[in-house]
Structures are given as C-alpha cells and as structure tokens.
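If you're matching them up, the sequences are chains Y and H in order. To convert, count from 1 in the first sequence and add 319; that's this note's numbering. To convert, count from 1 in the second sequence and add 3; that's this note's numbering.
One or more hints might be untrue.
Said to hold, decoys possible - Okay, derived cross-link-like pairs now, SDA-like style, lysine to any residue, Cα gap no bigger than 25 Å in a straight line:
{"id": "1", "chain 1": "Y", "residue 1": "K466", "chain 2": "Y", "residue 2": "D446"}
{"id": "2", "chain 1": "Y", "residue 1": "K401", "chain 2": "Y", "residue 2": "Y327"}
{"id": "3", "chain 1": "H", "residue 1": "K92", "chain 2": "H", "residue 2": "G23"}
{"id": "4", "chain 1": "H", "residue 1": "K119", "chain 2": "Y", "residue 2": "E521"}
{"id": "5", "chain 1": "H", "residue 1": "K119", "chain 2": "Y", "residue 2": "E331"}
{"id": "6", "chain 1": "H", "residue 1": "K92", "chain 2": "Y", "residue 2": "R519"}
{"id": "7", "chain 1": "H", "residue 1": "K92", "chain 2": "Y", "residue 2": "L527"}
{"id": "8", "chain 1": "H", "residue 1": "K92", "chain 2": "Y", "residue 2": "T531"}
{"id": "9", "chain 1": "H", "residue 1": "K92", "chain 2": "Y", "residue 2": "P456"}
{"id": "10", "chain 1": "H", "residue 1": "K92", "chain 2": "Y", "residue 2": "W533"}
{"id": "11", "chain 1": "H", "residue 1": "K92", "chain 2": "Y", "residue 2": "K401"}
{"id": "12", "chain 1": "H", "residue 1": "K119", "chain 2": "Y", "residue 2": "Y327"}
{"id": "13", "chain 1": "Y", "residue 1": "K465", "chain 2": "Y", "residue 2": "R512"}
{"id": "14", "chain 1": "H", "residue 1": "K92", "chain 2": "Y", "residue 2": "L513"}
{"id": "15", "chain 1": "H", "residue 1": "K92", "chain 2": "Y", "residue 2": "I406"}
{"id": "16", "chain 1": "H", "residue 1": "K92", "chain 2": "H", "residue 2": "T175"}
{"id": "17", "chain 1": "Y", "residue 1": "K401", "chain 2": "Y", "residue 2": "K429"}
{"id": "18", "chain 1": "H", "residue 1": "K92", "chain 2": "Y", "residue 2": "D532"}
{"id": "19", "chain 1": "H", "residue 1": "K92", "chain 2": "Y", "residue 2": "D446"}
To be verified - Have a look at the derived ranges for each label pair, beta carbon to beta carbon:
{"id": "20", "chain 1": "Y", "residue 1": "W533", "chain 2": "H", "residue 2": "A123", "range": "25 to 35 Å"}
{"id": "21", "chain 1": "H", "residue 1": "S136", "chain 2": "Y", "residue 2": "S582", "range": "51 to 61 Å"}
{"id": "22", "chain 1": "Y", "residue 1": "W326", "chain 2": "H", "residue 2": "S75", "range": "22 to 32 Å"}
{"id": "23", "chain 1": "Y", "residue 1": "W533", "chain 2": "H", "residue 2": "R200", "range": "39 to 49 Å"}
{"id": "24", "chain 1": "H", "residue 1": "G190", "chain 2": "Y", "residue 2": "L344", "range": "51 to 61 Å"}
{"id": "25", "chain 1": "H", "residue 1": "D221", "chain 2": "Y", "residue 2": "W326", "range": "27 to 37 Å"}
{"id": "26", "chain 1": "Y", "residue 1": "E486", "chain 2": "H", "residue 2": "Q96", "range": "33 to 43 Å"}
{"id": "27", "chain 1": "Y", "residue 1": "G561", "chain 2": "H", "residue 2": "K119", "range": "21 to 31 Å"}
{"id": "28", "chain 1": "H", "residue 1": "Y14", "chain 2": "Y", "residue 2": "R609", "range": "50 to 60 Å"}
As the list claims (entries may be wrong) - To give a feel for the contact side, a few chain Y residues facing chain H, derived at Cβ under 8 Å:
{"id": "29", "residue": "Y327"}
{"id": "30", "residue": "F328"}
{"id": "31", "residue": "G329"}
{"id": "32", "residue": "G333"}
{"id": "33", "residue": "Q433"}
{"id": "34", "residue": "M525"}
What the hints contain is simulated information worked out from the structure, not anything from laboratory work. The beta-carbon is built from N, C-alpha and C at its ideal position, and this holds for glycine as well.
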Amino acid sequence: MKPKILWYFGRETGYGLWRNGWMTLASVSTVAISLFVLAFFIVLSVNLNHVAGVLESEVEVRVFIHQHVPRTSEIRLMNEAKHWPDIRHITFFTKTQAARQLQSEFPDQKDLLQLIDQSNPLFDGYDVYTRQATQIPQVANHFRSKKIVESVVYEGLVAKRIDRVTEVVRAVGWGIEALLALATLSIISNTIRLAVFARRREIGVMKLVGATDWFIRWPFVMEGMVLGLVGAVAADVLVNYGYRWAIGAAVSAMPFWPVAPLSMVLDHTIWVTIATGLVIGALGSLVAVRRFLRV
Amino acid sequence: MIRLEHVDKRYGNGHMALSGVDLVIRRGEFVFIVGPSGSGKSSLIRLLYREELPTTGDVYIDQFHLTRMRRSQVPRLRRQLGVVFQDVKLLPQRSVAQNVAFAMEVVGASSRDIAKRVPAVLELVGLARRRESFPHQLSGGEQQRLGIARALVNNPVYLIADEPTGNLDPDTAGEIMRLFLEINRRGATVIMATHARDLVNQVQRRVVAIEQGRIVRDELKGAYGHEA
Ligand SMILES: Nc1ncnc2c1ncn2[C@@H]1O[C@H](COP(=O)(O)OP(=O)(O)O)[C@@H](O)[C@H]1O
Ligand SMILES: [Mg+2]
C-alpha cells in the first residue's frame, strides 16, 4: 500500500476510536477479560503438562532380570530395547548399584543394610523411560515376554491421570472460550457498528463517488484489530502480575509442587491472546460493516 | 454512450416512476432532462449511477451493462461518472477542499495529484477563496458549486447533475449553467435534470421531456454546432 493510503487508514481508525470513547473502553475491557480467561486455561494446561513432564522424568518402568543370567544377554536385550519405538531412554543397573542406591535412600535402616552387605538379594535390571505415559503398559508387557526378565514394575498411573485431567481442562477451556469469543465478537461488532453508523452518510457518499468495499472496510477492520490488540495486551499484563502472585502463593503453600516458571507460561499466552484478539477484532468489524455497504 | 432500453421503474410501494423509457445519449452531448416535479427525472438519473436498478429493461453505459454487472464492478462504473446529487451530499465535518479531495482519495489518487488538482477545480467553480470553509458556511449556490467541483475532480467522462440550479436565484443559476456549458465544451458529456424552463430555452441544447414517467418529447435542437 502507498504511504498516502496508510496514512488515510490510520487517521480514520484513530478518529473512530476516539469519538466512541466509552464504547471503546467497554469493548477493550470485554476483550481483556475474555482473553484473560483464555490465558487462565492456558496457564492451567501449561502447568499440568509441566507436572506431568516432571513426573515422567522419574523412572517409569523398572525391569528386573533373573539371577545368574550372563551379562552379555543382559546387554543384548538392552541394546535391542533401545530400538523399540516407544522407548525414550533406557539404562542398565547391576545389583551392586541397586544396593548402593538403596543404601543412600535409606541410610537409617541398619538391619536392611547389613542383609544386603552379606548376600545381595537384589537383581540386575533396567530403568526404562517411555515417550508417553500411555505407552507404559505396552512396554512393560513387551519386557515380560522376554525369558531373562524376572519381573516388571511401573508406576505410570499418576502421569496418565494428569494427562487425562489436562485433556478435560483443555476441553472445558475451549467450551468456555468459545462462548466468550462469541460475546467478545458481538461487543466488538457493536462498537464498530456505532462507528460505522456515525459515518453512514460518509460511507454512502464514498460508495457513490466510486470507493471499493475494501477501501471502506479497512479503517473499520483496523479499528477492530486495535481493540483486539489493546485488549490482548491488557490481558497479558494481568496474566503477568496474576501469575507472579500465584507462584508466590503456591511456593509458600506447597513448596514441593513443581510450578511452571513465568517465562514458560508467557511464551504460550502472549501469542495466543494477541492472535485471538486480532482475529476476533477483524471478524467483528467485518460483520459490522457488511450491512452498510449495500449502496 | 448511454443507452436505456424499455426501462420501467416501479418502487417498492407500487408507484410506477418510469415506464417504457428508451433513450440514447452519445459522448460529447449536452442533454437536459426536463419535466414537472414528480415526473421521474431523479428516478432516471439514479439509474445511471446505479443507485437504483430498473424493474424491467436494460441500462448500458460504455462497456458496462448496469443491469447485469457484478457488485464488485460498480466502483469502476462510478469512476467514469461525476454526479451532482439533488441533495448535494456534502460532508459537513470536512472543509471545502477536503470535500473535493476525499473523492480523489477514495479512488486512490496520489497526494501530489490531489494537491495539484483540488485547487484547480475549486478555481474553475469559483470557490478558490472558500477552500478552508465548511459547507454550512456556504450559500446555496456555493454548496452547489462545491458539489460540482467534487463531481468534476476525477475528470469524468459523464457529468450527471440532478437539478443543480434547484433553489438558486436566476443570476446564480445562470452562472452554474455557464459552468456546465464550459465543462461540456472541454469534452465531458453532460446530462442535467432540471425544470428551469427559461435556462433550457436560452441555451438551445437537446431536451428530453418526461411526464408521468414517460418520454413525451426529445428535441435535438442545437445538438450540433458547439458554442455557448
Ligand atoms: N424511493 C422512492 N420510493 C417510492 N417512490 C418514489 C421514490 N423515489 C421517487 N418516488 C416517486 O416516484 C415519482 C417520481 O419521482 P422522482 O423521480 O423523484 O421525480 P422528479 O425528480 O422528476 O421530481 C414520484 O411520484 C415520487 O414520489
Ligand atoms: Mg428530482
């Protein structure tokens, strides 16, 4: 676009927003609230993913191998398992290493430690990490079918539950957000409609002297997008301060709970809120202008 | 060339404003559409810039078939036309110069062209010194001339005016008539609806008379032999 045209559109946009002061304020607030709710659900789901991720990085599946299996067979199975598609990571431990870990985890259990020192009853085995929590049972069964495997233990259930909760949160979030998006669309559209209505004479004359529909639409579309953008920025400022506060509260109430860091949350919320604000603003304006272009 | 074929116009309320209108206007002509108030002059004019469509019949202007064209093409048609509306349609919040300039902005003219062209047109209609005034500060005649300036600014092929001398005193009306003759002399086709009999008789141009929506007379008196 030529600078002249840009200047024209910019001037018209600013003029329109200024003239409808209260309506502009009302619609920016609505956009901000609605995008804040959107961001709230994003924050929840980012946190759930974060927790699930932390839990998943603990050992997921522990595979124990029969006594007296030669070391070469143990290594062969591990190397084979490395190529299974579900497996993210696998490490081998000997029963000596297992004993040492036990000793460090329970330094006060003198009886136990003595027992282990005399004749180590533990097994060699693998620590296995899958790509997704849902793959755990499959991987466990696969190991059970191997002859040298004595037993398989896993505790992937927590991670799986969290994945399920995340899905529910997302679904609820989308439902609520769809309703809010409609409300936001309608208030933006009404705000723009006021601006269009105030200038309907001018629009009529413009059309009669040969303006194209898009020439007339652009300033209003930009007006709607400015409303959406300002609302989004307001929502992001709220999220920023709100989440700082929430982190503070969470840390003092549940010190061991793995809270997603602020930057991780903002990485997700900023782009989603801004994109949503712009799209809703543009759509709302298009709806508002349509009726007035029939000249 | 403008061509109307078997045009009827019936409004939503059932009123028959035009019936069986056939009319051809060639490039370079100066045509008066005359008739008493309510005879259908404005209805005919509105068909030309496609504010209205005929109920039946066809309207053609150059390569445009107005009754068949797509909505998106309408701006291209209107850019060939300069229209002086019966109610002038000035924008009250814009100055005289802005009222003219915006017709150029709308069609995407460069600011250099606008800066050059607007003063020239205001000069032509005699409003050069009212450039910064607003429409409500102008007299009726000056408002009409502003409407004419806006219609002229994009160098239209056809200048279409609906009672541009409507409520003006005879002197002012005569001035505006001279302006249209001058514009016609410079090459634009002029179509003017009016019921100012005296002026029409003075200038001896083609006259199309309408009564109750029908063309009752079409005299080519003075159609050639250009001279004001
Ligand atoms: N938009 C309209 N709806 C209904 N009737 C109309 C409309 N415009 C004009 N008319 C009627 O059509 C007839 C012709 O009107 P018009 O074309 O304005 O005549 P003129 O310009 O010669 O005075 C009049 O009787 C008028 O009342
Ligand atoms: Mg009329």
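To see whether the hints hold, each was checked on the structure:
{"no.": "1", "hint": "Y/K466 / Y/D446", "result": "holds (18 Å)"}
{"no.": "2", "hint": "Y/K401 / Y/Y327", "result": "violated (64 Å)"}
{"no.": "3", "hint": "H/K92 / H/G23", "result": "violated (30 Å)"}
{"no.": "4", "hint": "H/K119 / Y/E521", "result": "holds (24 Å)"}
{"no.": "5", "hint": "H/K119 / Y/E331", "result": "holds (23 Å)"}
{"no.": "6", "hint": "H/K92 / Y/R519", "result": "holds (12 Å)"}
{"no.": "7", "hint": "H/K92 / Y/L527", "result": "holds (10 Å)"}
{"no.": "8", "hint": "H/K92 / Y/T531", "result": "holds (18 Å)"}
{"no.": "9", "hint": "H/K92 / Y/P456", "result": "violated (77 Å)"}
{"no.": "10", "hint": "H/K92 / Y/W533", "result": "holds (22 Å)"}
{"no.": "11", "hint": "H/K92 / Y/K401", "result": "violated (80 Å)"}
{"no.": "12", "hint": "H/K119 / Y/Y327", "result": "holds (18 Å)"}
{"no.": "13", "hint": "Y/K465 / Y/R512", "result": "violated (71 Å)"}
{"no.": "14", "hint": "H/K92 / Y/L513", "result": "holds (21 Å)"}
{"no.": "15", "hint": "H/K92 / Y/I406", "result": "violated (75 Å)"}
{"no.": "16", "hint": "H/K92 / H/T175", "result": "holds (20 Å)"}
{"no.": "17", "hint": "Y/K401 / Y/K429", "result": "violated (37 Å)"}
{"no.": "18", "hint": "H/K92 / Y/D532", "result": "holds (19 Å)"}
{"no.": "19", "hint": "H/K92 / Y/D446", "result": "violated (82 Å)"}
{"no.": "20", "hint": "Y/W533 / H/A123: 25 to 35 Å", "result": "holds (29 Å)"}
{"no.": "21", "hint": "H/S136 / Y/S582: 51 to 61 Å", "result": "holds (59 Å)"}
{"no.": "22", "hint": "Y/W326 / H/S75: 22 to 32 Å", "result": "holds (26 Å)"}
{"no.": "23", "hint": "Y/W533 / H/R200: 39 to 49 Å", "result": "holds (45 Å)"}
{"no.": "24", "hint": "H/G190 / Y/L344: 51 to 61 Å", "result": "holds (54 Å)"}
{"no.": "25", "hint": "H/D221 / Y/W326: 27 to 37 Å", "result": "violated (49 Å)"}
{"no.": "26", "hint": "Y/E486 / H/Q96: 33 to 43 Å", "result": "violated (55 Å)"}
{"no.": "27", "hint": "Y/G561 / H/K119: 21 to 31 Å", "result": "violated (57 Å)"}
{"no.": "28", "hint": "H/Y14 / Y/R609: 50 to 60 Å", "result": "violated (25 Å)"}
{"no.": "29", "hint": "Y327", "result": "holds (6 Å)"}
{"no.": "30", "hint": "F328", "result": "violated (10 Å)"}
{"no.": "31", "hint": "G329", "result": "violated (13 Å)"}
{"no.": "32", "hint": "G333", "result": "violated (15 Å)"}
{"no.": "33", "hint": "Q433", "result": "violated (91 Å)"}
{"no.": "34", "hint": "M525", "result": "holds (5 Å)"}
Hints 2, 3, 9, 11, 13, 15, 17, 19, 25, 26, 27, 28, 30, 31, 32 and 33 from the earlier list are contradicted by this structure; the remaining hints agree with it.
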